[in-house]
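A.B. asks: Spelled out from the first residue to the last, the chains are:
2 protein chains.
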Amino acid sequence: MGERKAFHAYAGIRPAVPPSPGVLDRFAAIVGDRHAIRDPADKAPYEREWRDHYVGKAALVLKPASTAEVVAIVKLAGETGTALVPQGGNTGLTGAQTPHETGHEIVVSMTRMDRIRDIDPVSNTLVAEAGCVLQRVQEAADEVDRLFPMFIGSQGSCTIGGNLSTNAGGINVLAYGNMRDLVLGLEVVLPDGRVWNGLRRLKKDNTGYDLRHLFMGAEGTLGIVTAAVLKLYPRPLEQVTVFAALPSPDAALALMAALQTRAAGTLTSFELLPRIALDISLAFDSTARDPVATVAPWYALFEVAAMHEGAARTSVEAVLADAFDDGTVIDATIADSQAQRNTFWRMRETVSDAQKPLGGSIKHDVSVPVALVPRFLDEAIPVCRAMIPDCRPVAFGHMGDGNIHFNISQPAQGLSRDDFMARYGEINDAVHAIVMRLGGSISAEHGIGRLKRHLLPEVKDPVELDLMRKLKALLDPDGLFNPGKVL
Amino acid sequence: MGERKAFHAYAGIRPAVPPSPGVLDRFAAIVGDRHAIRDPADKAPYEREWRDHYVGKAALVLKPASTAEVVAIVKLAGETGTALVPQGGNTGLTGAQTPHETGHEIVVSMTRMDRIRDIDPVSNTLVAEAGCVLQRVQEAADEVDRLFPMFIGSQGSCTIGGNLSTNAGGINVLAYGNMRDLVLGLEVVLPDGRVWNGLRRLKKDNTGYDLRHLFMGAEGTLGIVTAAVLKLYPRPLEQVTVFAALPSPDAALALMAALQTRAAGTLTSFELLPRIALDISLAFDSTARDPVATVAPWYALFEVAAMHEGAARTSVEAVLADAFDDGTVIDATIADSQAQRNTFWRMRETVSDAQKPLGGSIKHDVSVPVALVPRFLDEAIPVCRAMIPDCRPVAFGHMGDGNIHFNISQPAQGLSRDDFMARYGEINDAVHAIVMRLGGSISAEHGIGRLKRHLLPEVKDPVELDLMRKLKALLDPDGLFNPGKVL
Chain Z
1 MGERKAFHAY AGIRPAVPPS PGVLDRFAAI VGDRHAIRDP ADKAPYEREW
51 RDHYVGKAAL VLKPASTAEV VAIVKLAGET GTALVPQGGN TGLTGAQTPH
101 ETGHEIVVSM TRMDRIRDID PVSNTLVAEA GCVLQRVQEA ADEVDRLFPM
151 FIGSQGSCTI GGNLSTNAGG INVLAYGNMR DLVLGLEVVL PDGRVWNGLR
201 RLKKDNTGYD LRHLFMGAEG TLGIVTAAVL KLYPRPLEQV TVFAALPSPD
251 AALALMAALQ TRAAGTLTSF ELLPRIALDI SLAFDSTARD PVATVAPWYA
301 LFEVAAMHEG AARTSVEAVL ADAFDDGTVI DATIADSQAQ RNTFWRMRET
351 VSDAQKPLGG SIKHDVSVPV ALVPRFLDEA IPVCRAMIPD CRPVAFGHMG
401 DGNIHFNISQ PAQGLSRDDF MARYGEINDA VHAIVMRLGG SISAEHGIGR
451 LKRHLLPEVK DPVELDLMRK LKALLDPDGL FNPGKVL
Chain U
1 MGERKAFHAY AGIRPAVPPS PGVLDRFAAI VGDRHAIRDP ADKAPYEREW
51 RDHYVGKAAL VLKPASTAEV VAIVKLAGET GTALVPQGGN TGLTGAQTPH
101 ETGHEIVVSM TRMDRIRDID PVSNTLVAEA GCVLQRVQEA ADEVDRLFPM
151 FIGSQGSCTI GGNLSTNAGG INVLAYGNMR DLVLGLEVVL PDGRVWNGLR
201 RLKKDNTGYD LRHLFMGAEG TLGIVTAAVL KLYPRPLEQV TVFAALPSPD
251 AALALMAALQ TRAAGTLTSF ELLPRIALDI SLAFDSTARD PVATVAPWYA
301 LFEVAAMHEG AARTSVEAVL ADAFDDGTVI DATIADSQAQ RNTFWRMRET
351 VSDAQKPLGG SIKHDVSVPV ALVPRFLDEA IPVCRAMIPD CRPVAFGHMG
401 DGNIHFNISQ PAQGLSRDDF MARYGEINDA VHAIVMRLGG SISAEHGIGR
451 LKRHLLPEVK DPVELDLMRK LKALLDPDGL FNPGKVL
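So the sequences go chain by chain: Z and U. FYI, in our numbering the residues of the first sequence are 1 to 487. FYI, in our numbering the residues of the second sequence are 1 to 487.
In case anyone wonders, no lab produced these hints; they're calculated from the structure. Do not rely on the hints blindly, as some may be mistaken.
If several chains are the same, the list does not tell them apart, and a pair holds so long as it fits within one copy or across any two.
[As the list claims (entries may be wrong)] Cross-link-like lysine to any residue pairs, in silico, SDA-like; alpha carbons within 20 Å at most:
{"no.": "1", "residue 1": "Lys460", "residue 2": "Gly185"}
{"no.": "2", "residue 1": "Lys75", "residue 2": "Glu464"}
{"no.": "3", "residue 1": "Lys470", "residue 2": "Leu211"}
{"no.": "4", "residue 1": "Lys460", "residue 2": "Gly193"}
{"no.": "5", "residue 1": "Lys57", "residue 2": "Ala433"}
Given these sequences and hints, build the entire structure.
C.D. replies: Laid out in C-alpha cells, this is it:
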C-alpha cells in the first residue's frame, strides 16, 4: 500500500542521529529489560501502521508502567536529544502513532498503563490510565449502571490515550460529543519532564486557562497524556434503531430534524449510506441481507435513545409515518431485536472493508456544516465523476455531525488500480477545495498525523497555523515529541 | 462595600503612565467621537463593578461596531503601550471587567457588536457577535424552535462575549455543560492585532490544536473575542419542576442519582437549598410562599426535561414515590403550571438578595466532585461555626455540578458587620482549604478576575500556573490585555 505515501514524501525530522547503544541501555533501565523491546521481530508490530500504510523503524520500544517511568523517559529524552513517539493501541488512521523510517525514534507504548484508578457512579466520573483499552472503560461503566458513550470500530484495541490524543469521534458524537467533550481532567507528562496533574473530577472549575484542550487532539506532539478523568452518563433504557430508505440526502436532513425535535428521546446516531454501500456490503458478506425491502438511492441508519421504555418507539413510528406521507422516507425497518440491531450496524461497519474488492479507493474524512452535507455531495460527486468517468463514489458516514467518509472506488473496468491511485492527490485537492469553500474540515475525526501534515498550510488560516507552531515551540522547543506529525 | 477589596490590595500594573490626550484622540477616531466616551458621568457605568465592589477609572471607553474597529484599537494599543479592558454587559462578579483605579486603561465595551450574523436550525448553529445580550440569543433560538440552553440570572444584560470569557455556568450545566461546551467556533482579535477566524460551524474538526478553549474562560487576558458559533438544541416539550423537602444532602445525592437513571427525560437542573435559604427568601419577598408544606433541613429544586409530553412526569412521580418510601424525600410539590414553576425558581433566585438584610456575608463559589458535596458541607459548616459562633451558613447552589455558593451570613447579634467582615480572609482560607483537600475548585463558575487573583498561587499546581503564565507571555508579551486580572 504505497499509494498514500507517494503523495507524502518523508520529510527529514529531528533527531538527525540515532541514540547510541549506551543511551538505549539507559532508557531500557527505566522500564526494565523485559519492557524495553529491542528485538526486530518483537518491535515490528509497534513500527507499522496497522494497514502498513506506514512502516517505520524504532530504535527501541519502551513500555512504561507508571507516570514516574514516563517522566524518567521524557527527562532522559530531553537530556540526550532523543525523539519519542507515544503510542496507544496502534489503531490510528493517519500514521501519528508510527515512528519514521529513520530508526532514530523511540516508541513509548502506553499499553501497560492500563489501570482504572477510580470509578464513581454518583459523581459520574471514571479515572483511567492512558493505556486502558476503550472497551474496558465501557465495560467498567456498564458494571456500575452507567454509560461511557464513545463507540468506534476499534474499541476492542484502541486506548483512552489514543482516543484523547486524536479526539476520537464515532457513532455517538451527535448526542455526546467528541472525545474531548467526555473529559473532565487530564494528567500529562510535559516535554520538559514535569507532570501537569490536572486530574480534576469537577464539572465546574473557572480558575484560569483551560489547558486540557491543548493536549487533546494534539496527537502526542505537546506531551504524553498518562491518565484522564472521563465523564459517565446514565444508561438509556430504550434504544430504537431504524434503517430507512430515502430519496436524497436532503430528505435525510429533513428526517433528522424531525427526529431531533419530535422523537421522545435523544437522537444519538444518524448515519447516511448510498445504495452502493449496501450493494458492496451485501456482496462482501454473504450472511448480510438488505435491511429494507425497497431499493433506494440513499439510506439512513439512526438510533434514538430514551430513559424510558416504550415512548421512543411510538414517537419514532409517528415521525416515520409523517415522513412516508410527505415522501421524505420511502421505506423503513425498525429493529425488533438486539440481533437485528446488530445486523443493521454490521451493514454500516462493513462498508470500509467491502470497498476493498472494488480495487483502489481514494479516501477523504471530511466535515461540513450539517445543513450543507447535501450540497457537498451534489458538488463533490460530479466533480469526481468528471475527473474520472465511471469512478464509484461511496460517500457514507456520520451525517448528524456533518462528517462524510467520502471514498471514491476505482471504475469497474478501463483503468488500472495504479493509474487510478496515481490520481489520489488530484482528487483530494478537488474534494478538499469544495470542503474548504463550504467552511468544512479536511480531517473531521481521524486527525492529521503524517497523512495530512502537508495539507495544513493549504487549508489552515495562517494565523491559526502560526499560533499552533508557537504553542509547539513553547511546549516542545526541542521538537522531540512526535516530530513530523501534525506540524 | 469595601470588605472584599480590603483583602485584595491594588497591585501595580502596566502601563505606568496614562495615554496622552493625543493618543486618546487617535483611539476615539477609530470608533468615532460618538462612541468614544470621555465624559466622567457617561464613563462611570463602565468603570464600576455593578455592586461597587470595584470602582475603577478609565482613560476612555470605546465602543467599536466591528471586528475591524477592534483590530484598529488593538493595533494602536500595541503601538502606544495602552492597556485594554474588554467589557460585555458588566455583570461579572470578580471585577474582571472593571478597569483599575489608575485611570490609565481603556475600556473596550463590546455592546455595539450585537448582531446575530446567522442562525441555522438544521445545522443547529447560531453565529453571534460578542456584544449580543444572552437573552436575545435565547429568543432568536426560540423563534426557530430551538434551545440555547445557557440560563443565568443576568441573562437580560450579560453578553455572549462575557459568557465566553468567563465560561459562564448557570442552572442547566448538568445537562448541557458550561458555556465552553456550547461553542463550535470563535473569532478572536489577538493581542498582536491579527484576527483568528475560527468561526467554524463544524461538529467535528480534527485539524490540529484546539485554540478555542484557550480564549474561553481567559477573561479577556489573551485577546478579545468578537464573535462565536453557538450550538443550538432541540426544545424539550415537557418540563417537570419539583421542589422537594429532604432530610440531608446525602438524601439529595441519592434522589439525584435516582432521577438521572430512572426519569423518562434529562435531569437539567438539581439545586440544593438549606431551610434558612427559604426562611430568608420568604422574609425578603412578602409574595413568596413555602413551596412545600413540610419544614425540612434541606430542599432540592430540580427539573426534568423530555422531548415528549407525559412520560417524564409519570416517571418523576414514580421516583418520588420510592423516595418517600425509603425516606430520601420528606415531602415534594410538582409545579402544576408555568406560574408555579416560576415561583419555585424565584425562590431559588431570591436567595442572594435575601441574604442582604442579614448583614455581612462571607462568600465562596466553590465546587467539589459531586459525590463529595455532603462531605464538604459536613466539614465546612462546623469549621465556620467554630470560628464564628452563631454565624449563619447559607449554603446553596448547583448540587448537580458539585457547585455550592457557600455564603456565611453574620450572626443575628453580638458581632458588628465590620468585625464579622474583618474575618473574610480567615474564613475564606479555612473553607478553601477544605475545598482543596477534597479536590475542588475555589472558583466554580464566577472566574478569577481581581477578586481571587491573589489566591491562584495558593491553590494552583505550580506547573499549571507556570503554563498559564507562559501562555499569557506568548500571546500578550506586553501585558496590555486586561492586566492584573487572573494572573
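A.B. asks: Tell me, in ascending order, the numbers of any earlier hints that this structure violates.
C.D. replies: Violated hint (a single one): 5; every other hint is consistent with the structure.
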